[in-house]
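Generate coordinates for the entire structure from the input sequences, incorporating the hints supplied.
First residue of the sequence shown? That's -3 in our numbering, and the numbers climb one at a time after it.
Any given hint could turn out to be false.
[As the list claims (entries may be wrong)] Heads up, simulated PhoX-like pairs for lysine-lysine below, C-alpha to C-alpha not over 20 Å straight-line: (1) Lys207 with Lys219; (2) Lys95 with Lys219; (3) Lys220 with Lys95.
By construction, these hints were calculated from the structure, which means they are not laboratory data.
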Amino acid sequence: MAGSDGGSAGADRGLFITFEGGDGAGKSTQIRRLAGALRRDGYPVTVSREPGGTPGAEAVRHVVLDTSAAEPFGPYLEAMLFAAARNDHVEQTIRPALKRGEIVLVDRFMDSTRVYQGASENLDSNFVRALERVAIADVVPDLTIILDLSPSEGLRRAHARRDPNAPADRFEKEDVAAHEIRRQAFLDIAEREPARCRVVDASREPEDVAKDIARLVAGVIEKKGIASSRSAAMRDSLLGAGDGRS
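The structure is reproduced here in structure tokens:
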């Protein structure tokens, strides 16, 4: 299952699922719902995020996303910082969890660098892919769920959920046009890599979004043969995630 079109080669005892999309699309909400449903059915789950997931990567997150700290960095240095954080995250958190046979759910991964530093900052695609190869090695998501939402609605949601005393991060402060470029870039990735990526309409109620995600995940678990003797029970449990029981 090696390659950029899906499959965590070299660490395929578990299942690796990433969530992508613009600000306010509901990634963290849907990850919590899915993790809860999987755990209720007895699956071991690791939940993480990027940038972050290890002490070193969390330090990079603070430096890059904090408005006052991040502005002096150019896009090339920023991309290298993200790659360093991702490699630490892969080797310290993601790969070990997959080798233990766990289902790993991560809020943002390699596609965010392709979009935020590649498409948005116009970095050379060869440079971005070279960093990606070093950062992730052979650990590629089995499934990437792209939560699609209009930038205006995403920013409205992001502003509404934020603590009024907390400053917006540097990406939330950018204009709608920048967010629209990123939205289209995510959709372009999904079109190029249909075996790995699935686009889910995030403009609906969270319960409806959760049902669609549950169906996608149930299908991948069955395809990979993870706990296949329990796949029917897992599917019933997951599909209940959208009916208010989670």
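Going through the hints against the structure:
no., hint, in the structure
1, Lys207 with Lys219, "holds, 18 Å"
2, Lys95 with Lys219, "holds, 18 Å"
3, Lys220 with Lys95, "holds, 15 Å"
Checked against the numbered hints given earlier, this structure breaks none of them.
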